[in-house]
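Given only the sequences and the hints, what does the whole structure look like? Please build it.
Those protein sequence lines, which keep their order, are chains H and R.
16 is the number that my numbering gives to position 16 of the first sequence; each next residue is one higher, with no gaps.
5 is the number that my numbering gives to position 5 of the second sequence; each next residue is one higher, with no gaps.
No lab work stands behind these hints, which were simulated from the structure alone.
Keep in mind that the hints are not guaranteed to be accurate.
Note that identical chains are pooled: a pair holds if it fits in a single copy or bridges any two copies.
[To be verified] Quick list of in silico lysine-lysine cross-link-like pairs, DSS-like style, CA-CA up to 30 Å:
(1) 19 with 294
(2) 87 with 294
(3) 293 with 87
(4) 87 with 132
(5) 19 with 293
(6) 87 with 128
(7) 196 with 288
(8) 196 with 294
(9) 19 with 87
(10) 194 with 293
(11) 196 with 3
(12) 103 with 135
(13) 294 with 3
Number of protein chains: 2
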Amino acid sequence: MQKSDLLSVYKRIEPHVHKTPVHHSRLIDEIARCEVYLKCENFQKGGAYKIRGATNAILQLSHEERRRGVVTHSSGNFAQAVSLAAKNLGVSAHIIMPTNAPKAKKAGTIAYDGIITECEPTIEAREKASKKIQKETGASFLHPSNQLEVIHGQGTASYELLQEEIDFDFIVTPIGGGGLIAGTCLFVNAFSPKTKVIGAEPANVDDAYRSLISGQIETNETTNTIADGLRTNLGNHNFPIILEHVEQIIRVSEEEIVAAMRLVWERMKIIIEPSSAVAVAAVLYNQKVFQGKKVGVIISGGNVDVENLPF
Amino acid sequence: MQKSDLLSVYKRIEPHVHKTPVHHSRLIDEIARCEVYLKCENFQKGGAYKIRGATNAILQLSHEERRRGVVTHSSGNFAQAVSLAAKNLGVSAHIIMPTNAPKAKKAGTIAYDGIITECEPTIEAREKASKKIQKETGASFLHPSNQLEVIHGQGTASYELLQEEIDFDFIVTPIGGGGLIAGTCLFVNAFSPKTKVIGAEPANVDDAYRSLISGQIETNETTNTIADGLRTNLGNHNFPIILEHVEQIIRVSEEEIVAAMRLVWERMKIIIEPSSAVAVAAVLYNQKVFQGKKVGVIISGGNVDVENLPF
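In structure tokens, the structure reads:
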């Protein structure tokens with residue numbers, strides 16, 4: 001994509017989202033043996049980067065489409081993001097949410113006036129429930145990760161990070177549905193082509209890692225990871241971008257995810273969710289890739305259930 | 001104190017501490033019904049504001065005094081602060097620490113090369129152990145809250161907050177030993193005299209509240225509060241300043257402390273310790289004082305034991 005098109009995306013959403021800060025810690029640098037800069041989308045409206053994509057998508061709907069509302073299915077952060085973005089823009093939002101979604105994410109969605117419809121925690125059940133709502137209301141469907149307007153919006157976090165004027169060798173993002181990393185690829189390729197984009201994924205749910213090797217979208221046999229935002233598969237809109245631009249995908253163990261999350265909580269005093277800790281863990285536990293380098297990490301969100309922590 | 005003297009304090013410590021950010025949340029404002037700005041000393045070096053006072057005190061020691069090292073007794077944050085400030089300035093630090101100090105604070109002190117001597121958790125035992133070290137090593141004693149150099153250093157957090165150019169009606173700090181609030185009073189009185197300083201204290205350990213009423217330093221019968229940084233009494237150096245400048249002291253319940261801490265964790269994604277939550281709780285639960293006002297809150301620290309949370 002052209003720089004000018006990407007800048008239009010940024011200008012479109014800029015008035016509606018926070019420009020989140022970048023945090024840095026000497027202690028973390030010492031442990032990681034590289035310079036680590038955290039782009040704190042946990043401080044974003046709704047507690048995650050996802051409002052960027054949701055806002056971009058809603059702003060591109062026609063007046064008539066906005067009047068009929070939007071619908072999405074999401075395990076959590078995108079649900080809150082669509083609810084909040086829609087509320088801010090005076091649009092009604094229907095949210096299909098699995099029965100096992102984290103309590104905090106459900107509460108957040110309700111707080112932002114999202115209209116929740118619960119379904120079984122399978123992709124088939126989500127899609128069926130969503131189609132039903134579209135048929136009944138005429139609402140426009142927003143996909144959490146596999147829709148170009150959403151992908152473009154998500155990439156704006158990396159655009160802000162690049163504006164820090166740090167000469168980044170790498171930008172690392174978690175990879176779940178693929179929207180964040182695909183958007184990141186587009187902005188980084190346009191505005192800092194020498195910076196490499198790396199994906200971070202739980203080893204237990206390593207569909208993206210296998211997809212990058214096979215060249216086709218692979219699926220997971222289980223969703224057994226604490227990183228609840230990364231249990232989904234890549235999609236046909238984001239995968240070609242990922243295949244073209246992502247340098248590599250690093251897999252981390254569940255123990256590494258929890259240790260990285262705890263380290264950031266204890267040393268940097270910021271609350272990051274397990275999905276974000278996946279990206280931090282990739283940097284902490286792969287010194288042969290990152291040693292001596294300047295590394296930006298997209299901290300995707302901070303929505304955790306504080307009553308149910310892994311430590 | 002004169003503005004110029006206070007500015008000298010700030011210039012002295014400025015190269016050695018972080019200028020911490022100020023965080024603000026629309027959601028918290030809605031709940032509190034006022035504008036709340038958090039001065040995030042939880043992001044300070046050592047995880048708390050206390051390095052400001054420790055650095056100011058050490059920088060005023062002679063070369064010979066620095067060579068002999070420093071000693072302090074502390075339940076936690078000041079221990080880490082003195083260790084880190086001393087380490088940064090090439091000075092050795094002896095720390096007297098009660099046996100029941102939080103694990104995270106003990107680990108932090110060790111990480112910064114502080115030399116720990118454990119003692120029983122009473123003020124008498126702390127003082128005795130400290131005197132012994134002074135006699136053996138010639139180390140200079142640094143008091144966590146009742147020493148003018150320390151008090152002046154602590155006040156610099158509020159100086160930075162005032163530089164935000166928000167027209168503050170109130171600045172609220174937790175009150176334990178009295179060093180932070182006394183230093184805050186000096187800077188606020190000099191640089192924004194119309195801003196009122198309010199102390200926040202656990203109702204269970206309300207010595208400062210009673211002291212302000214009686215006009216003399218009162219003590220506590222118990223130290224039964226989750227706010228482990230606020231279990232100590234005021235001192236003869238800080239109490240006169242507090243008596244002269246503090247508008248009022250607001251007491252909060254243990255339930256309010258935990259609720260405020262949880263709210264900030266969940267909504268603002270920053271880790272604050274219970275002692276800081278005391279100040280947030282004072283604002284949240286006293287709308288008749290704060291409604292419609294601009295309120296700065298000194299978030300004193302973020303050192304918590306994540307394995308031992310109250311929720």
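Each hint, compared with the structure:
When the C-alpha separation of residue 19 and residue 294 is checked against a cutoff of 30 Å, the pair qualifies both within a copy, at 21 Å, and between copies, at 23 Å. For the identical chains of this complex, residue 87 and residue 294 are inter-copy neighbours only, at 27 Å across copies versus 38 Å inside a copy, given an alpha-carbon limit of 30 Å. Taking the shortest Cα distances, residue 293 and residue 87 sit within 30 Å of each other only across copies (27 Å), while inside one copy they are farther apart (41 Å). Taking identical chains as interchangeable, the C-alpha atoms of residue 87 and residue 132 lie at most 30 Å apart only when both belong to the same chain, with a minimum of 22 Å there against 64 Å between chains.
Both within a single protomer and between protomers do residue 19 and residue 293 lie at most 30 Å apart by alpha-carbon distance, with minima of 25 Å and 25 Å respectively. When the C-alpha separation of residue 87 and residue 128 is checked against a cutoff of 30 Å, the pair qualifies only within one copy, where the shortest distance is 25 Å, while the shortest distance between copies is 61 Å. Only within a single protomer do residue 196 and residue 288 lie at most 30 Å apart by alpha-carbon distance; the minimum there is 15 Å, versus 54 Å between protomers. For the homomeric pair residue 196 and residue 294, the shortest alpha-carbon distance inside one copy (11 Å) is at most 30 Å, but the shortest distance between copies (44 Å) is not.
When the C-alpha separation of residue 19 and residue 87 is checked against a cutoff of 30 Å, the pair qualifies only within one copy, where the shortest distance is 19 Å, while the shortest distance between copies is 35 Å. Proximity of residue 194 to residue 293 under the C-alpha cut-off of 30 Å is restricted to the intra-copy arrangement: shortest distance 13 Å within a copy versus 49 Å between copies. Proximity of residue 196 and residue 3 under a CA criterion of 30 Å is satisfied intra-copy only: 18 Å inside one chain copy versus 50 Å between copies. Taking the shortest Cα distances, residue 103 and residue 135 sit within 30 Å of each other inside one copy (28 Å), while across copies they are farther apart (57 Å).
Only within a single protomer do residue 294 and residue 3 lie at most 30 Å apart by alpha-carbon distance; the minimum there is 23 Å, versus 41 Å between protomers.
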